[in-house]
Structure formats: C-alpha cells, structure tokens
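Engineer: Taken in order, these protein sequences are the chains called W and S.
Mapping to numbering that gives the first Met the number 0: the first sequence position 333 is 332, numbers consecutive.
Mapping to numbering that gives the first Met the number 0: the second sequence position 94 is 93, numbers consecutive.
Derived by calculation from the structure, the hints in this document are not laboratory data.
Note that the structure is predicted; figures quoted are calculated from it, not measured.
Treat the hints with caution; some may be incorrect.
Said to hold, decoys possible - Pairs of lysine-lysine residues, derived as BS3-like cross-links and limited to a Cα-Cα distance of at most 30 Å, are as follows:
(1) W:Lys-63 - S:Lys-72
(2) S:Lys-226 - W:Lys-136
(3) S:Lys-72 - W:Lys-270
(4) S:Lys-226 - W:Lys-133
(5) W:Lys-309 - W:Lys-163
(6) W:Lys-318 - W:Lys-123
(7) W:Lys-270 - S:Lys-84
(8) W:Lys-24 - W:Lys-63
(9) W:Lys-256 - S:Lys-107
(10) W:Lys-270 - W:Lys-312
(11) W:Lys-319 - W:Lys-270
(12) W:Lys-309 - W:Lys-270
(13) W:Lys-270 - W:Lys-256
(14) W:Lys-256 - S:Lys-84
(15) W:Lys-312 - W:Lys-163
(16) W:Lys-163 - W:Lys-319
(17) S:Lys-72 - W:Lys-256
(18) W:Lys-318 - W:Lys-270
(19) W:Lys-123 - W:Lys-319
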Amino acid sequence: MSNQPNATATGAAGLGASSYLEFEKPLLRIQSEIEELRRREKESDRDVSKDIEEMTNRLRSMTKRMYSHLTPWETVLVARHPQRPLLTDYLRLMVRDFCELAGDRCFGDDRAIITGFGRIGPHKVMLVGHNKGKDTKERIACNFGCAHPEGYRKALLKMRLAAKYGVPVVCLIDTPGAYPGVGSEERGISYAIAVNLMELSRLRTPIVCAVIGEGGSGGALGIGVGDNVAMLEHSFYSVISPEGCAAILWRTGEQRKRAAESLKLTANELKRLGIVDQIIPEPFGGAHRDPATAAANLESHITDTLRELKRYKIETILKKRYERIRSLGSFFESAQSTAQTRARKATAAASRTPARTRRTASRPADPVDAPG
Amino acid sequence: MQNERTDIPAGVWERCQSCGAMLYREEVEQNLHVCPECGFHRRIDARTRIAQLVDPGTFEEFLDDLTPTDPLKFTDRIPYPERIKSQQKATGEREAVVVGRAYIRGRKVIIGVMNPAFIMASMGAVVGEKVTAAIERATEENLPMIMVTASGGARMQEGMVSLVQMSKTSAALARLDDAGGLYIIVATDPTTAGVAASFASLGDVILAEPGAMIGFAGPRVIANTIKAELPPGFQTAEFMRTHGFVDRIVERKNLRPEIARIIDYCGK
Ligand SMILES: [Zn+2]
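Only chain W is shown next, with the shape it has when bound in the complex (with noise of 0.2 Å):
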C-alpha cells in the first residue's frame, strides 16, 4: 500500500494493565519493570535512562514481532478488544461535518447501524457503519452490533439516497452478526438482508467497504457488498463464529481456537482466497494501541480507492462489481477427466461461462474503459 503514515512510536507503551489480552502477558511484563525502573529513578539520583530506553526498545520490537504472528484466535480477541476503536472513534478521527441521518421509514431506528453524509478527505460520502457502542448504556441501545431489519433497511434507504446524488458509500463493518431474536424474525431479517445484498450489487454509486472489527457472518454482509472490500490488519471476516463453530462441529466451546484456525477467518487467509481486496494495516501492536494512526490508514486506502473509482463510469463500475462478485468463492472441479476439463474450461471461457478464469479469459474483448 502507498501513502500509510508509519505507526507512531509511543503507541506501545501507552496502554493500562488491564488492557493487556491473555497472550501479552510477556509484554506486559516488561511494562512493568519499565514502571519500575521509572520509579526507582525517581526515588534515587542514578541514572537509569539506558536502561528504560533498552527496555523500551525491547518492548517495542516484542510487541512489532508478536503481532506479527498473531494466531487465528489471537485475531479474534484483538479484533474484539475493549479498547479497539469503533465506529464513533473513525467519526471522530476521520469523517468532518458528519450529518447523521435516522430512521427506516418504516419501523424505527436502529441503533446497531448509523448512517449520515459525511466528508472524507477530499470526497463527500454517504457513512454507513455497525455501531457497537461505548459503554454498557450504549451497547445495550445497539444490542453490541447486532442488527434488526430495520438497521439493514435503515442503510439501504440511505444508500439509495446517496445514489441518487451520485455520492458514494462507504461501509464499516463491525459486528458479530445479526440479532437473533423474535422481533428479527418477525420483521424479515432473511428478506431484509437478502434485498440488501441484491440491491448493492446494482447500486448506482461507487460502494468501498472495510471490515474494521469482527465481520459477522451475514449480518457483515449485509452491508459488505461493493467495488472493494477491505480489512484491517487485525480484524476478521467469519461465517460463523469461532464459539458457534465449535459447539456444532466439536460439540464443545473449549475448541474456539481450533476452530478459529480452521474458518480462515483472518485478513492474510482471506486475501489468499480472493474474498477480499486489500488489506489495511494497523499501527503496531494493533489499532486499540494508536487508533489515530489507525483511522489515518483507514482513511487513506478510503481516499485512495474513492479516487480510483471515480475515473470510471457508472456503467463500468456496476460491470466490474458484478464480475468482482461473481467470481468470488469459485472453488470447484469438473468430475470428468482433466482433459475434458480442459476443453471445458476452454469452452465456458469462450462462452459465458464462471471459473476463476471468467475476469480475464472470458472477456478478452472488453477493454477496460478509458477514465472519464
């Protein structure tokens, strides 16, 4: 990626004990002799400040190379950290003059999804994003993410607005799925997701997409459909959760990491498997540490990929979203023999055909449309 700001220097050392995951406890033992150290120096006139820059050193290159490994299930606590920024934060640090917008017309206004026109360096956009919530207070009014129809229908309506005025939409998604409850059902969370992902892929406006947390299943989908879709560094993208997961194939929650291995779930699996664009990076030592650095990032892959889909028509863009969704997730084989494969490839290439070959074998005709 071009253009990302370094992550700054202070950020490691900036957190609380308590904000230390299980797996950091080595950090944060260091931490704790660096406390130490700082306190000693005050009590006594030696000089310590080799030492506390040693240490220092030695906390930030630990922190640079475990996060750097992180393991599946690693991912996932680091993408539903406490302190990890939120949609308020990216309002806060990266959209200007944000002008929220309520209501389904139809239902209510939910909570668990926030939308408004807001400005993004130098491109209007329409701001649609999972709202998690601050505190218990607000978490309990957006039930921690989870979306009725209302929410979904609340951002279709407003994504329709924005069309209409040819301003493009930006996607945050964070959450662990949708709501699961009667009211749910009742009101048609399967119609209300299902519209959604239909009328994104025909929406006549460029649509960007990041995950910036957890990407719950179809709840993330909901709002996940585009031009280019995105993750943070650390977040991730799951069918099922690592929890659900295992208490159905394992019968046992205690096989979560098991299972967050097996899903693929994180930014790297999911880029190798062409289900996702990019990947944003976050400053080390994960966004919650330096979330100004974070939204810094996150703003300009926004900035950037606005501004390169702005070149195209709207005509080329709807046709490069639908083969960009077509083509995902086409892992299959013919049964017959190779051979046959073969020429069966060559002839749905030829055709009209899917495969993993469609964007660029099927359609050795279309030019790419000059920048207009």
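Using the hints provided, position chain S with the ligand relative to the given structure of chain W.
Structural biologist: Just chain S with the ligand now, kept in the frame of chain W:
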C-alpha cells in the same frame, strides 16, 4: 428382513414423524410423501421433487459435473473431502442442488432443486455456482426461474467461500430482475440462515409448503438470546405468511398448477 422391534416387515410400513400413524409406505409415496392422515409434508430428495414437479421426460440437467474442492483444508471430526465422498456415495449426487431446464405443465422453465439429503443442502461454492449459473441461464433464455429451496444455511467447512455465495446468487437475481425475468420460489423444509438471507427470499412470488421451517437464526440460538420460550409456530411457513414474507402456502399436490398459473399471470 424383519424389523426386530415390531415384527413389521421393514420398508413396508413406517410411522409418520408428525402424527405417529402407521402408514403403508407405498401409499405415502403415491401421496407425494405427504402423510395421508395428518398432511405432514416430509422432506424429499431433489430427484423425487423433480419427478413430482416437471413434465415426465423433460428434465435436462446442466452443471451436474461440478464437485466441491476443499479450499480451507477443513477437518472437523473427519476431513471435509471424506465427508463429501461419503455424502456423494450415500445420495448418488455430487452436490446439494440439482439444476436444469424442464417443462412444467407445458411451460418451459429453468429449475433448481435443493437436496436436504446432502449435508442438509448447505451452500458451498458448488451450490452457489449452480444456482447462479441457473439464474444466468434463465436471464439469457428469457425463461421463468423456479427455485425449490431447502437448506441448513452456509457450508461451514467452506467458511467465507460459502458466505460470499450469498452475494453471488443475489447479484445474479438483480440481473434477472433488470431483464424483467420471473423468479418463483418454493420454500420447503427447512429454508434457513444464509440461503434464507439470499436467493430464497428474493422471489417475485414466494410459495411455501405447509409446516416448512423458514427462518434466519436457529431457534436454539434465539431462545438462548432472549432467555424465553419461543412462541408456538415460530419460524414456520404459516408464521412467515402471517408476517408478510410468503405469498401462498401451497400443498405439495397443488404446486404444479400453482406454478403454471403464476407463470401465465406474469405473461411468461
Ligand atoms: Zn401424519
């Protein structure tokens, strides 16, 4: 062969799982696998469904060669490829959906039928691809798209590869809709989760079989969340009709004429 418990010759008599009546198997089959006593609609596999719905000898299958791979290298109690192989052996099918061209009472259609006998017709890459390709054919050939849905949801063993099939199928339906195509859904037991929240909810007309379970979240998950008992009849076809998400509850024996009638009303 004798059934040890009852002295009843196995395979001739069976008990209705809803009303408990002892039923003569052949009679149930002739009754389209609906209990003659209580009207309970049993789950049926894709081939049985196709034989019931389309004009004899008109079904022309496509993409039947597609078979799953193992993109996640997933192992639960057994490796995913082994699970697939055993399901393929047990059902004689390569995957959980059958798609093709056929006639229903003389009307040419593209039809897809999900097979609850195959890993509860969960949706992985092959199901997503076949459903999408079928919708694309309906769009190109200007034919009504008929989808008989049944699914436990996403194929967990294919992870996010499975989830994105929801967007893929729904995007194809947007194009069918743009082209003025007709999409009729027959929701059967069970139509849930990722399939319910994508192509199984997007019909121009949605029919459902009586008593079919239709819903997004699993009832146990919901009961755990709300910490209360679920209302009677929750997430049934009738519940969905009451709340405005199903057009008509149609008994199995009436599906053919009902589908034909809707095709005619839509001028297709
Ligand atoms: Zn019965």
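Engineer: Against the structure, test the hints numbered earlier, and report the numbers of the ones violated in rising order.
Structural biologist: 9
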